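Number of protein chains: 2
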Amino acid sequence: MYKELFSDDVGSFFRSPVREIFKKVDLNSIYSFAGGYPSAETFPLESIRQTMSEVIDKYGGKAFQYGATQGVMELREAVAERYSVPVDRVQITSSSQQGIDVCARVLVNPGDVILTSSPSYLGALQSFCSYRAEIVGVPHCDDIEKYKDAYVAAIAKAETSGSKVKFLYMIPDFQNPSGESLTLEERKMLVGLAEEYGFLIVEDSPYRELRYEGEHIPTMYSLAPDRVIHLGSFSKIFAPGFRLGWAIAHPDILDKIYVCKQSLDLCPPIFDQYVAAEFLKSGRLDENLAKSVTLYKGKRDLLLSLLEEYMPQGVSWTHPQGGLFLFLTMPEGFDAVAFYDKALSAGVAYVAGEFFHPDRSGKNTMRLNFSFMSPEKIIAGIKLLAELLADGLGLE
Amino acid sequence: MYKELFSDDVGSFFRSPVREIFKKVDLNSIYSFAGGYPSAETFPLESIRQTMSEVIDKYGGKAFQYGATQGVMELREAVAERYSVPVDRVQITSSSQQGIDVCARVLVNPGDVILTSSPSYLGALQSFCSYRAEIVGVPHCDDIEKYKDAYVAAIAKAETSGSKVKFLYMIPDFQNPSGESLTLEERKMLVGLAEEYGFLIVEDSPYRELRYEGEHIPTMYSLAPDRVIHLGSFSKIFAPGFRLGWAIAHPDILDKIYVCKQSLDLCPPIFDQYVAAEFLKSGRLDENLAKSVTLYKGKRDLLLSLLEEYMPQGVSWTHPQGGLFLFLTMPEGFDAVAFYDKALSAGVAYVAGEFFHPDRSGKNTMRLNFSFMSPEKIIAGIKLLAELLADGLGLE
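Top line first, the protein sequences correspond to chains A and B.
So the first sequence is numbered by numbering that gives the first Met the number 0: it starts at 0 and just counts up by one.
So the second sequence is numbered by numbering that gives the first Met the number 0: it starts at 0 and just counts up by one.
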């Protein structure tokens with residue numbers, strides 16, 4: 000009945016298979032490696048309760064009034080200080096998903112090219128598709144010359160076909176879904192390409208502070224502050240329920256995002272921003288983050304040792320130094336989408352890897368999350384999944 | 000430096016003059032009739048503090064986790080019950096501004112026609128412009144036949160030029176900026192046109208429950224539930240700082256909004272939704288709303304009597320039965336934009352009426368808000384404004 004009334008963009012919308020899973024099953028009733036959920040035990044409830052009460056005392060009605068579109072100054076300042084950037088380069092976003100989406104909105108016309116890793120974050124692919132961008136995924140390659148060549152070829156192909164490369168979307172630290180990070184050399188190479196060919200880089204950085212081993216690698220933003228839009232999020236270092244993130248970028252870019260955001264939602268949630276600002280400034284966030292890092296490191300170590308012990312021959316996986324995910328590769332011919340119903344009815348959920356590949360390759364891969372479940376459930380879940388895979392391999 | 004990278008939409012963005020005012024002046028340091036801010040004294044701080052604590056006790060970590068894109072079920076159910084609609088027709092939005100914007104996103108291609116009243120809500124005009132819609136404003140006319148003819152002519156003109164009318168955007172109750180409401184007959188007429196010509200109606204209803212006299216008039220949604228998208232907001236009946244609203248519509252329309260919202264921001268703020276749900280279900284919201292209605296009625300009455308007493312000859316104004324605004328009309332030739340700097344430097348702010356007119360007519364009009372300031376400031380502010388106007392009229 001409404002078909003002829005919908006916009007052309009609607010034809011390019013696609014549903015998140017992850018969110019569709021969540022509509023169908025109660026995550027707590029199964030072994031779920033599917034979501035990107037933090038563990039609820041990392042949310043410091045009593046500390047939040049106290050901070051909320053302090054915010055009401057300190058700000059009164061102001062905490063529940065309309066606020067500035069750029070975000071409340073207290074939070075912008077706290078973010079600017081934490082990441083050593085000028086405050087006029089900080090825009091608070093109503094979730095880091097909004098950060099991604101608004102970048103696409105202000106940069107992309109239908110047909111424009113967005114470069115990204117393959118696999119890449121599903122929510123970003125959804126957003127880019129919804130603006131009818133042409134998404135070109137470039138698989139990672141350990142040989143940096145070949146890796147560079149692959150990007151150069153993708154850029155050349157876009158130029159030949161008359162399309163414009165607007166930006167490269169990257170999660171350089173503990174990528175979703177693979178869990179892998181870019182080396183400093185790779186970051187420099189990609190920033191160099193952006194400079195050379197005149198496109199921007201959207202650096203999505205929700206997991207950066209969840210590092211369990213090794214040294215921090217400089218952000219792409221720090222390598223080229225006028226070429227990179229850096230996106231951050233409170234979801235993994237504090238709590239996703241606040242729906243708060245930030246964008247750090249050149250003021251000329253932020254200005255467009257600011258005007259766009261006026262008509263998107265006027266301003267981010269005010270009270271939540273004051274709570275996040277108090278958490279940052281008081282050191283409570285860092286205190287809590289340290290606990291999360293310890294907890295997640297334990298879960299990652301557990302998952303790696305379980306995979307080693309239980310997975311059948313022919314299955315390999317990434318070894319993330321941080322973040323929430325690792326990526327499993329089954330032998331060629333395995334179909335993780337086809338296998339999914341069997342797994343779910345046995346009581347274990349994952350996300351099939353092909354959903355993260357712009358060209359829908361990677362059919363023999365899956366993403367496993369290790370932050371959400373308790374160690375007991377991780378153990379039982381991996382045993383079950385390994386059993387099902389041993390059973391299913393070669394039979395699908 | 001970035002110019003060639005921005006999307007075509009960016010060329011149609013325009014800044015909210017209201018938000019620009021707020022960037023320049025501290026609202027509390029002047030007499031501000033400019034914003035659409037509720038009075039901070041209507042925010043029930045102690046009741047909010049208590050409810051927040053209850054939500055933490057009741058939901059624990061769930062209140063800070065990711066949640067369903069449609070909104071948390073408790074809030075959807077509370078909204079569905081309050082407005083007597085099925086819960087599958089309720090989508091929670093991250094502010095009612097997002098409700099407006101997402102309607103444009105899923106319905107409008109560049110060049111499509113959106114019909115609206117003239118004047119109309121500025122934030123809606125911003126959003127519609129940003130999608131490069133052709134906005135056609137139709138002034139109100141007390142003669143319903145002529146009023147209908149004006150709409151029919153606008154539709155015919157769109158059709159002749161090959162454009163498609165996608166929807167009519169209306170605030171039928173205590174409109175922003177005029178404060179006026181549509182009669183039942185007018186609502187029926189407009190719904191009839193939508194049925195006849197096959198477009199939708201976006202009924203924006205943030206002020207409906209702030210009625211100070213007279214009887215409620217049926218919503219346009221109630222007249223044609225499959226033809227109307229009804230948008231509601233917690234901003235004026237609870238507090239804007241939560242950034243929560245809702246859309247009520249046919250499930251086929253909500254489904255597109257739902258998928259779009261996945262990539263816009265995944266889900267509305269979770270904790271805030273639980274707080275709003277508890278407020279609704281416990282009756283605290285209605286209790287508080289009743290106090291707001293009494294407070295605002297007093298302020299409206301005060302403003303009307305002050306205008307009567309102090310405004311110079313040749314100035315007229317609307318008599319709203321509810322809401323937050325009334326609209327002032329000065330003699331032809333007066334320019335409220337040009338007058339604005341003088342008023343602001345004397346210490347009084349308003350919003351020039353032309354910003355609300357899609358064709359930038361209405362140069363001799365201005366919007367006055369009466370909810371935000373204390374009675375003392377309303378009195379001093381109107382005396383000052385009346386003096387300035389008496390001074391300025393005929394001199395501009």
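Don't read these hints as lab results, they were simulated from the structure.
Don't take every hint at face value.
It does not matter which identical chain is used: a pair holds within one copy or between any two.
[To be verified] Simulated crosslink set (DSSO-like; lysine-lysine; CA at most 30 Å straight-line):
1. 187 x 2
2. 382 x 147
3. 362 x 145
4. 341 x 147
5. 376 x 57
6. 61 x 290
7. 290 x 57
8. 61 x 280
9. 376 x 22
10. 296 x 156
11. 280 x 57
The structure displayed is predicted, hence computed values, not measured ones.
Tested hints:
no.	hint	result
1	187 x 2	between (47 Å within a copy, 24 Å between copies)
2	382 x 147	neither (39 Å within a copy, 69 Å between copies)
3	362 x 145	within (23 Å within a copy, 63 Å between copies)
4	341 x 147	neither (40 Å within a copy, 59 Å between copies)
5	376 x 57	between (42 Å within a copy, 24 Å between copies)
6	61 x 290	between (32 Å within a copy, 19 Å between copies)
7	290 x 57	both (28 Å within a copy, 24 Å between copies)
8	61 x 280	both (19 Å within a copy, 25 Å between copies)
9	376 x 22	within (21 Å within a copy, 51 Å between copies)
10	296 x 156	neither (41 Å within a copy, 65 Å between copies)
11	280 x 57	both (14 Å within a copy, 28 Å between copies)
Of the numbered hints listed earlier, those contradicted by the structure are 2, 4 and 10.
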